Amino acid sequence: MQNPYEVIPAEIYEIIQESPLIRTLKFKPKKPIPFKTGQFIEVGIPGIGEGPFTPSSSHYIVDDMDVTIMKTGFLTEHIHKLQVGDLICIRGPFGSNYPLEKFKGKDVLILGGGCGLAPLRSLFLTMLHDHKDYNSITFLAGAKTPKDCIYKDEVTEWRKYDNVRFIRAVDEVPYGEHWEEDVCLVTKLLQKIDMKPDGNPAIVCGPPVMMKFGTYDLLNYGFKEENLYLSMEKKMYCGFGQCRHCVIGGYYACKDGPVFTYSMIKNEEAIWD
Amino acid sequence: MLVNILSFHNFLLKLRDSYHSFNQIIIPYRARSDDKNSFYFNEIKNEDHFRLNYYRTVDPVKILFYLFREKVYPTKNNHAKRIIIGVKACDLKALLLLDKALLQSGFIDPAYKYWRDNTLLISSDCDYLHETCSCNLLNGHPYAENGFDLNLSVIEDNYLIQLGSERSQEFIELMKKEINVAESTASDLEIVNANRKKVFNQLIEKNSDLKHHENFSAFRKVDHKIWEEVSKECVGCGACTNICPTCYCLILNDESKGNEFIKVRSYDSCQWNGYARVAGGGTPRPKMTERFRNRYLCKFDYMQKNFGEFGCTGCGRCTEACTAKIDFRKVVKTVSLMAQEVN
Ligand SMILES: Cc1cc2nc3c(=O)[nH]c(=O)nc-3n(C[C@H](O)[C@H](O)[C@H](O)COP(=O)(O)OP(=O)(O)OC[C@H]3O[C@@H](n4cnc5c(N)ncnc54)[C@H](O)[C@@H]3O)c2cc1C
Ligand code: SF4
Ligand code: SF4
Ligand code: FES
Chain A
1 MQNPYEVIPA EIYEIIQESP LIRTLKFKPK KPIPFKTGQF IEVGIPGIGE GPFTPSSSHY
61 IVDDMDVTIM KTGFLTEHIH KLQVGDLICI RGPFGSNYPL EKFKGKDVLI LGGGCGLAPL
121 RSLFLTMLHD HKDYNSITFL AGAKTPKDCI YKDEVTEWRK YDNVRFIRAV DEVPYGEHWE
181 EDVCLVTKLL QKIDMKPDGN PAIVCGPPVM MKFGTYDLLN YGFKEENLYL SMEKKMYCGF
241 GQCRHCVIGG YYACKDGPVF TYSMIKNEEA IWD
Chain L
1001 MLVNILSFHN FLLKLRDSYH SFNQIIIPYR ARSDDKNSFY FNEIKNEDHF RLNYYRTVDP
1061 VKILFYLFRE KVYPTKNNHA KRIIIGVKAC DLKALLLLDK ALLQSGFIDP AYKYWRDNTL
1121 LISSDCDYLH ETCSCNLLNG HPYAENGFDL NLSVIEDNYL IQLGSERSQE FIELMKKEIN
1181 VAESTASDLE IVNANRKKVF NQLIEKNSDL KHHENFSAFR KVDHKIWEEV SKECVGCGAC
1241 TNICPTCYCL ILNDESKGNE FIKVRSYDSC QWNGYARVAG GGTPRPKMTE RFRNRYLCKF
1301 DYMQKNFGEF GCTGCGRCTE ACTAKIDFRK VVKTVSLMAQ EVN
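Residue numbers (our numbering), protein chains in the order written: chain A, 1 to 273; chain L, 1001 to 1343.
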């Protein structure tokens, strides 16, 4: 019998400070943790606690993984103190994934902001692996200020593909910071991209307000409810449908989600809170 | 099978004292001599004060299978068996729901499985009713129909024993060695059935004012003002969820020391404000009314979707335990009347 609370130790081999509050940990689990992009894992520090995080690396890489983590409280503060060589503990993977087979041959839109870019980077990198399978990929990424932009070093690489667009926007540019790309809410970028929404998928992840208004904007733009994929963030302990903290109506965000179509959950309560 | 009640009780005491594969026997006792109405599970003692045909214990049998605080990793590896006697139909029903949640949902809670695998369950019919007993309002009966290894029904000085599983064989064999076991007849069964019917009718009679409509899926459409009204006395203590046999919401804690990884789970309550709070402080149910309402929706709507049955057995414990004296049955009735109107 497999104990779902059993952890797999993993050693951190590289840390990238992406922004003042966000860092990416690269680690090697003692045994590989194969996952499908969109699924999440529990990342813990022994004696401190654990929390749900989405791998931000491609699911084609199995021997090591990345997680991109924002400092928001007790656990994540400790995660931000970790150093190369430290051990973390992993459980999972858990939950639903992005249905790539439904995206094949389509014009795929990815919309995200803040730390919501973590699962989207995983999706994006996984799709880049077979980018020819998709008609086009458009990735709209938002951040508060230029300093808050993450994955800075990878942008040039991401912009090398013919059928791939990576467009960034910041909400504002504080005095003294430098920025040559868009300055607007990330959802406003929709007005620039000239896409045909019908039948094409849009994938959204970000802070709750961004998810909410992003979803409404995409619906207005013409995307269909059943083609809108949301990664829902709810309080989670177990990760596999037994602590009930993540329940959204009759669904578990950890088991039926975290990836939901909007049509699945639109009638449930308080989905954005 | 038919056994004399006194001999059976003596057999249990002997079973405790002799060497055999069951190392613990748990049975309901009156809490104190001055409190004749409350029963608690306890390890069997010498005095023969136990009565098996009363109503449910104060604490649900859940607390013996899903402990208030329990290590889930690493797990126990001894296999000490125990017997729990005097379990009621409502608690068996709750265990079957916990089985669905913790054993049959694709993942297995190791500690719950351990207790489940190593416990022989002996249920007994309710011949007496507690004021809050209301299983009849939720398709239940005051006697067990399934989920037991053995069931006992009182017929005068005897227990009629019914077998519910293969696992009961070991116990039966031990028993046959010690005490006289007679074959039961069709007329014994008739007596039991007549008695069951009588008690069930008493229950229906007792709860006739508390009947609700079967429109649970419409509960969420009921105006929030109604929920505010029915929850206005609630202080949010969480007594109701902690004592509920079907509530199993857990908090997971990492208590690792040195090189040893330890995970411990303990009860949580959706009535508490921090329950669903996420990073940044957001919570889907900031108001007490919303959390109060959540318990009812969870029991009658969400669990119905998750497990194909209600998360309430009608045991009445939440009504008995409520600090604010809120009657769960009355709330369900009020809300169901309102749901009837919006539907
Ligand atoms: C499916 C999923 C994927 C996520 N992916 C990422 C990611 O890739 N990067 C990232 O930075 N954040 C992610 N989050 C959010 C992240 O889990 C929380 O920000 C983090 O657990 C909160 O840490 P803290 O230090 O503020 O918690 P504390 O203040 O230490 O809170 C204690 C515990 O509460 C729980 N908890 C608190 N907030 C949340 C929350 N929002 N969701 C679930 N449990 C919580 C955790 O178990 C945590 O250990 C994800 C959340 C979910 C549900
Ligand atoms: S909700 Fe109340 S009556 Fe129903 S099972 Fe739980 S404690 Fe018993
Ligand atoms: S026991 Fe009563 S007062 Fe306490 S949380 Fe439950 S309903 Fe509210
Ligand atoms: S995280 Fe425990 S049920 Fe979803």
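It is possible that some hints are incorrect.
A few chain A residues facing chain L, derived, Cβ under 8 Å [said to hold, decoys possible]: (1) V7; (2) G44; (3) G73; (4) C89; (5) P93; (6) N97; (7) E181; (8) K266; (9) A270.
When the alpha-carbon atoms are kept at most 30 Å apart in a straight line, the in silico DSBU-like pairs for lysine-lysine are as follows [unchecked claim]: (10) K1113(L) / K31(A); (11) K104(A) / K192(A); (12) K1071(L) / K266(A); (13) K1305(L) / K30(A); (14) K1071(L) / K81(A); (15) K1305(L) / K36(A); (16) K30(A) / K1071(L); (17) K81(A) / K188(A).
Keep in mind that the hints were calculated from the coordinates and are not lab data. Nothing here was measured: the structure is a model prediction, and the numbers come from that model. The beta-carbon is built from N, C-alpha and C at its ideal position, and this holds for glycine as well.
The hints, checked one at a time:
Evaluation of the V7(A) hint against chain L yields a held restraint, the C-beta minimum of about 6 Å falling below 8 Å. For G44(A), the suggested interface contact is upheld, since its CB lies about 6 Å from the closest CB of chain L, less than 8 Å. With a least beta-carbon distance of about 6 Å to chain L, the hint placing G73(A) at the interface is held under the 8 Å criterion. Evaluation of the C89(A) hint against chain L yields a held restraint, the C-beta minimum of about 7 Å falling below 8 Å.
About 13 Å separates the beta-carbon of P93(A) from the nearest beta-carbon of chain L, more than 8 Å, and the hint is not met. Contact between N97(A) and chain L, as hinted, is not supported at the beta carbon level, the nearest pair being about 16 Å apart and thus beyond 8 Å. About 27 Å separates the beta-carbon of E181(A) from the nearest beta-carbon of chain L, more than 8 Å, and the hint is not met. With 8 Å as the threshold, the beta carbon of K266(A) stays out of range of chain L, its nearest partner Cβ sitting at about 14 Å, so the hint is violated.
Because the closest C-beta pair between A270(A) and chain L is about 4 Å apart, less than 8 Å, the hint holds. Distance restraint check for K1113(L) and K31(A): the Cα-Cα separation of roughly 26 Å lies within the 30 Å cut-off, and the hinted pair is therefore satisfied. Restraint check for K104(A) and K192(A): satisfied, since their Cα atoms lie roughly 24 Å apart, inside the 30 Å limit. The straight-line distance between the Cα atoms of K1071(L) and K266(A) is roughly 38 Å, outside the 30 Å bound, and the hint therefore fails.
For the proposed pair K1305(L) and K30(A), the alpha carbon gap of about 38 Å is over 30 Å, so the pair is violated. Taking the CA atoms of K1071(L) and K81(A), the gap is near 28 Å; set against the 30 Å cutoff, the hint holds. Simply put, K1305(L) and K36(A) have alpha-carbon atoms about 27 Å apart, close enough for the 30 Å limit, and the pair holds. Between K30(A) and K1071(L) the alpha-carbon distance is near 24 Å, which keeps this suggested pair within the 30 Å criterion.
Distance check on the hinted pair: K81(A) and K188(A) sit about 36 Å apart at the alpha-carbon level, beyond 30 Å; violated.
Violation of the numbered hints given earlier is confined to hints 5, 6, 7, 8, 12, 13 and 17; the remaining hints are satisfied by the structure.
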